[in-house]
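Asker: On the provided structure of chain F, position chains V, A, W and D with the ligands as indicated by the hints.
Listed below are the residues making up each chain.
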Amino acid sequence: MKTLIAVLTVLAVIIAFWYAACLPMNIKGVLTQAERAGAEVVPVGAKERRDLGEIGLVLGNQFAIAATWSQDRPRLPAPHQVAVELWKTTGAMVLKGKPMSKRSLIFHGWVTLSATLLGFAMGTGLGILLAVGIVHSKVMDMSVMPWAIVSQTIPIIALAPMIIVVLYSVGVQGILPKAIISAYLSFFPVVVGMVKGLRSPDAMQLDLLRTYNASANQGFWALRLPASMPYLFTSLKIGIAASLVGAIVGELPTGAVAGLGARLLGGSYYGQTVQIWSALFAAAILAACLVALLGVIERVVLKRMGMSA
Amino acid sequence: MMLVILAALVWCGGWWVNARLANGPQSDSRGVQLLVPVIFGVTLLLVWQLLVKGLQIPMVILPSPVDIAVAFGANLSKLWQDFLQTFVKGALSGYVMGCSAAFLMAIVMDRSDFLRRGLLPVGNFVAALPIVGTAPILVMWFGFDWHSKAAVVVVMVFFPVLVNTVAGLRETSAMQRDLMQTYAASYWQSFFKLRLPAALPFVFNGLKISTTLALVGAIVAEFFGSPTVGMGFRISTSVGKLSLDMVWAEIVVAALAGSMFYGAVAMVEKILTFWHPSQRG
Amino acid sequence: MTTETTTQAVIEARNLDLVFQTNDGPVQALRDVNLTINKGDFVSFIGPSGCGKTTFLRVMAALEQPTGGEITVNGMTPDEARRQRAYGYVFQASGLYPWRNIARNIKLPLEIMGYTKAEREKRLNEVLELVELSGFEGKYPWQLSGGMQQRASIARALAFDADILLMDEPFGALDEIVRDHLNEQLLKLWARTNKTIGFVTHSIPEAVYLSTKIVVMSPRPGRITDVIESPLPKERPLDIRDSPEFIEIAHRVREGLRAGHGDD
Amino acid sequence: MTTETTTQAVIEARNLDLVFQTNDGPVQALRDVNLTINKGDFVSFIGPSGCGKTTFLRVMAALEQPTGGEITVNGMTPDEARRQRAYGYVFQASGLYPWRNIARNIKLPLEIMGYTKAEREKRLNEVLELVELSGFEGKYPWQLSGGMQQRASIARALAFDADILLMDEPFGALDEIVRDHLNEQLLKLWARTNKTIGFVTHSIPEAVYLSTKIVVMSPRPGRITDVIESPLPKERPLDIRDSPEFIEIAHRVREGLRAGHGDD
Amino acid sequence: ADEVRLQLQWVTQAQFAGYYVALDKGFYGEEDLDVSILPGGPDIAPPQVLAGGGADVMLNWMPSALAAREKGLPLVNIAQPFKSSGLMLTCWKDTGITSPADFKGKTIGVWFFGNEYPFLSWMSKEGISTDGGPDGVTVLKQGFNVDPLLQRQADCISTMTYNEYGQVLDSGVSEDELVTFKYEDMGVATLEDGIYALEDKLEDPKFQDKMVRFVRASMKGWKYAEANPGEAADIVLENDASGAQTEAHQQRMMVEIAKLTAGSNGTLDPADFDRTVATLLGGGSDPVITKTPEGAWTHIITDAALK
Ligand SMILES: Nc1ncnc2c1ncn2[C@@H]1O[C@H](COP(=O)(O)OP(=O)(O)OP(=O)(O)O)[C@@H](O)[C@H]1O
Ligand SMILES: Nc1ncnc2c1ncn2[C@@H]1O[C@H](COP(=O)(O)OP(=O)(O)OP(=O)(O)O)[C@@H](O)[C@H]1O
Ligand SMILES: Cc1ncc(C[n+]2csc(CCO)c2C)c(N)n1
Ligand SMILES: [Mg+2]
Ligand SMILES: [Mg+2]
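Protein chains in written order, with the numbering used here: chain F, 1 to 309; chain V, 1001 to 1281; chain A, 2001 to 2264; chain W, 3001 to 3264; chain D, 4001 to 4307.
Chain F with its partners taken away, still in its complex shape (with noise of 0.2 Å):
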């Protein structure tokens, strides 16, 4: 409660900022198109304008302050602006009965969010049995875990539409090369996660073992495994939000045809900024989703195996 509240005043304390953040940003392209229109602006001439101060600009043609918060193509669009267009492209899709029409951003959260999870599954898998490997095998640990971090030092960007290449060539395409992507940024959060977690047991732990003689698999599925779920389960939590920015990186170069990246990519280029702003914050509100999904998860798994208190 004390939370919820907190949440919304600086909410709205945002919002106000950002409303009163539209006028210096817009102001220059609002007299712009104000003078086009026959206005009188002060000064004359957009490169006049150009070196100005944006605030001077506003005091100086208060009459277009209004204007700020309604552009067309804003440098920054107002909260209302995104809002609406987050709802014309979903609840309101929903209401005409056509939610999975390609102006909705149902339908290419969906498409993303299907290369997501399956990336999601894929990196998660992997990280598990890299983690797996590198406990239980010394050389795998002392080989491994450096160029893992190596990696993540290069920009996946910039690997993205060579995967899709090399991908393209075996003939893989459609969903597969993007969740590939994806689970290139989540495998890494899941291994460094849970190589701590299965090593989180302390000597005590495992000399009780010993003094029962249990095999290593025994020793893995009784103590190893029940003491990583905590850390498992932040891991994921970080690793699902990078599927998720996997996924939308990986659409770029796939021809954007459908998905959240293709809506900030198509965005872009028409210079429509209220279509990216309300695709990121649908990008924004999907990871927040699946997180949140992965919180109650693992809520009830620590509450089933008696680890929360």
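There could be a bad hint or two in this list.
[To be verified] Here are the computed lysine to aspartate or glutamate pairs in the EDC-like style, where the Cα-Cα straight-line distance is at most 16 Å:
| no. | chain 1 | residue 1 | chain 2 | residue 2 |
| --- | --- | --- | --- | --- |
| 1 | A | K2122 | A | D2161 |
| 2 | D | K4220 | D | D4032 |
| 3 | F | K47 | D | D4176 |
| 4 | V | K1193 | A | E2126 |
| 5 | D | K4025 | D | E4177 |
| 6 | A | K2213 | A | E2229 |
| 7 | W | K3195 | W | D3161 |
| 8 | W | K3188 | W | E3111 |
| 9 | F | K102 | D | E4247 |
| 10 | D | K4025 | D | E4238 |
| 11 | A | K2188 | A | E2126 |
| 12 | W | K3039 | W | E3012 |
| 13 | F | K102 | D | D4176 |
| 14 | F | K2 | V | D1113 |
| 15 | D | K4093 | D | D4176 |
| 16 | W | K3188 | W | E3012 |
| 17 | W | K3139 | A | D2226 |
| 18 | F | K47 | D | E4177 |
| 19 | D | K4071 | V | D1067 |
| 20 | W | K3122 | W | E3111 |
| 21 | F | K102 | D | D4234 |
| 22 | F | K138 | V | D1113 |
| 23 | D | K4201 | D | D4032 |
| 24 | F | K196 | F | D141 |
| 25 | A | K2195 | A | D2163 |
| 26 | A | K2188 | A | E2229 |
| 27 | F | K47 | F | E35 |
| 28 | V | K1078 | D | E4003 |
| 29 | F | K47 | D | D4094 |
| 30 | D | K4093 | F | E48 |
Bear in mind the hints are in silico, worked out from the structure with no lab data behind them.
Answerer: Coordinates of chains V, A, W and D with the ligands only, in the frame set by chain F:
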């Protein structure tokens, strides 16, 4: 075909040597700990070279390590220029600004429970905005030169550092805080003598994550507009020219710079948090 | 110095109540606690786990707010006394800061209270001597054994001039021999400085050996079931523990404890 | 059952040495240790912190490899004995798995050793009874007090048929009353099952009360300085602790300890 | 039916109307072809896809194709549906630019990705340096939208007659606020949107035959699109899965595209090729090609398709 078989042999050989080293008596010495990953990397490169040649993969798809090394050697000054533009001007300045801002913000949030409750969820939401969407916007706002790259980096590193620092500043045990209470220590006394040192391991966690984010962020931003220099610029234009060797040379620079940046921060961490169990080994 | 009757009350608790609100409902940690501690008293608190010993000590040091009754320290509220830096507190675990070496850990309260540099060094050397840690000032906590850490944390509490020393099972982790030795040292220090000491322990002989007053507590709800004034002299050699008075008091404490021990 | 002389050696250590290689150079944890433990013995190990008690127990259980000398368990190496699941080991802290409730914690070794489901339930109920935890099987460790946790971990070590029970300060964290109670229980169990028990403690009365043989150790390097055979009968009521024999043995142990305590 | 995969060099838009029309109207089907059209994107290089075997045939601008050929990827132009270039620079009039000589000291947005060469050779022809300074131009790597011009971050930007120029006008700017320089008019035009295939694959008569049928159907599509721009734009719109294109925009693009395809029957005019090569060889310091390419085009396919 011969080469492919050879590649398999090299792989097994490299693995065998590493297995010997890692399970050998010297496995905990610094030398071996460096050698094993190096051998792994070299094996990987050899296998790559042999497979590319063996399967006759065209250079425009995947150049061999030798091709990449040649391109690297032939374009040193260009690579250096790109490195300066992207890493020093874009990534580093953005990193410093973003991390400092996040740190100051974390202190403010630490002092006000209300702000912390309100800002953390909103911050997590903002952190989920995909960079490929924010980068074009920031290029539009901050222009084509490194300023917009630094802005992208600021946005990317801000939240990991913020979240970790906030968590770190709350990491002290009740007993450690109570001790300060019995001394009737002021806020800043307990901040500098207790909370800050205790938070350092967390802060560095955020700082380390941010090193790779910073470089990747600066490069990605250059894809959406840049002057005619920079690692991201070079990568995106070289793909168009099918100079894949140049693309990979830049990727090598990125990996080197990123790893060294990470290593440098990790080293500072080792010095400053020598007392933490994870560093005592 | 030995028989100077000090009747000046330092700590006075009247009808103290403390209820923790937890997820499983309220926990009454202290119920109707009355106690007077005079200047120069050495008061031990003994009782089964969970009977509120730590909680009571924390209330005295203003680390916890009572939910009922009242408590005064030197005539002030505990919080005012805290602001005047009246307390040296030794926690159950040593609670040294791992990023400071032993010397800097001990100097921590001195830095905070604004002692001069020369004064800090002087006091450091004094207390190091006292707890026999000279030569270890450059070591970090994790480089010392548990016993040495505990001694360093005692030194830290002694380094500044607190009138009231509150110690929560300071010797719990030590073996008998070391414990005996530190008990002796603590008694000497107490006799020399005339500090008022509140001391939590699980060990009956320790409580009897050290105290002028033994407070026996009982759980669910936490309350005081017995207060035993010790007739032992202030000067106490270790073998006083074989004297009949000692054994008698120990017996009384054990009986008191057993009575409070319903189940568990 | 009381005076059956069992002279069959279960554990024999000859000139045992153990050196740890650490960053600060080698640490000699055990030097030239010789000891014979017979079937049905209750052997206590006592000595100051760091003298190698835990290390010795770990060597017996094949959790540590000696660097010199030799040790046999039932005529085999400790590791062979470990493979035959000869040991029940109780660690210093309870070491229960937090994600398993008490019942499943106790059944853990039974699962690993492949007992049938029916057998598991039977044994669970037996040992729960024994340590007086019936009714708590569904609770998770963090829902129990420290004493109950420790009892659960003892139950876990008793659930399967290990001949040799090794206990490393199992009652260190408990208060005296609970401790007395568990000591009594442990003696009863031992009398009934004729297990061989190795027991580490810091408390002299505890060692004397429980043991047939008290091993006094001394640090730097860790070695055995005295082995005291107890003349006390196997049947021991709690008030045996006031008998002259008891006090005499306790005295001898204390002297042995003091001798080994150079500094620290 | 024979399978053909066509790699476009950009996202679905009326620039590629001919192929979508041929697909939609069944012209490919009539030739017994099963064509799949793969949209491109900002950083996908069609030659790379072709080299990897991900596509059989692709569209490309000639500078990029020739560069790839020199890199050892034997691309061959088999048809050239675009007769003229749609590339131009668009500048604000109020910057005072009236002729290329006025570029000095100005900031100009240029598309890279192999498309910078016509610009570089143009500048070297004008004798203007491209590394900043008062006597040269400052070059920006422009993204694929017109923001740099609208935000006045650049004085001039690259635009296509059929796409970006329209966007500038759409955002409310009137034509007389702008000055434009068409590469075609400046004499530095290079060939755009040709159809390319790999040389070794072309040696296979069956593949040749497939390409003949493909080019024939595609040109039929182009001519249909030229004649029915409205319908063509609608077909394109239907094929755009991203939902980002607008009707009006595609309509206008189709009209402009029709101007560029007019005058080509698909056969490459060798004179155009020579002019392109000359432009590229005349480029600045870091030339895209260093020598006149041999065998970079063929008439085999178009001859067979159009006879
Ligand atoms: N912060 C807290 N929140 C809720 N309950 C608490 C809190 N602190 C203590 N308690 C409860 O108050 C009671 C008294 O606790 P306290 O720590 O004072 O016991 P103690 O006598 O010091 O025990 P021990 O000998 O185990 O240290 C216990 O039941 C404990 O669970
Ligand atoms: N794994 C290890 N590596 C290095 N040194 C060790 C290790 N384990 C124990 N030691 C050292 O060996 C010595 C004996 O340790 P041990 O744990 O056996 O003592 P202990 O008698 O059980 O002490 P305590 O009463 O504190 O439990 C100590 O000096 C300790 O520091
Ligand atoms: C990655 C990439 N960028 C630009 C072009 C050139 N190009 C071809 S069509 C078009 C846009 C028309 O609106 C442009 C710019 C390319 N081929 N590939
Ligand atoms: Mg306590
Ligand atoms: Mg031990």
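Asker: Confirm or reject each hint.
Answerer: A quick look at each hint next to the structure:
no., hint, in the structure
1, A:K2122 to A:D2161, "holds (13 Å)"
2, D:K4220 to D:D4032, "holds (15 Å)"
3, F:K47 to D:D4176, "holds (15 Å)"
4, V:K1193 to A:E2126, "violated (23 Å)"
5, D:K4025 to D:E4177, "violated (41 Å)"
6, A:K2213 to A:E2229, "holds (5 Å)"
7, W:K3195 to W:D3161, "holds (9 Å)"
8, W:K3188 to W:E3111, "violated (27 Å)"
9, F:K102 to D:E4247, "holds (14 Å)"
10, D:K4025 to D:E4238, "holds (13 Å)"
11, A:K2188 to A:E2126, "holds (15 Å)"
12, W:K3039 to W:E3012, "holds (11 Å)"
13, F:K102 to D:D4176, "violated (37 Å)"
14, F:K2 to V:D1113, "holds (10 Å)"
15, D:K4093 to D:D4176, "holds (8 Å)"
16, W:K3188 to W:E3012, "violated (26 Å)"
17, W:K3139 to A:D2226, "violated (34 Å)"
18, F:K47 to D:E4177, "holds (11 Å)"
19, D:K4071 to V:D1067, "holds (13 Å)"
20, W:K3122 to W:E3111, "holds (13 Å)"
21, F:K102 to D:D4234, "holds (15 Å)"
22, F:K138 to V:D1113, "violated (45 Å)"
23, D:K4201 to D:D4032, "violated (20 Å)"
24, F:K196 to F:D141, "holds (12 Å)"
25, A:K2195 to A:D2163, "holds (5 Å)"
26, A:K2188 to A:E2229, "violated (20 Å)"
27, F:K47 to F:E35, "holds (12 Å)"
28, V:K1078 to D:E4003, "violated (44 Å)"
29, F:K47 to D:D4094, "holds (7 Å)"
30, D:K4093 to F:E48, "holds (13 Å)"
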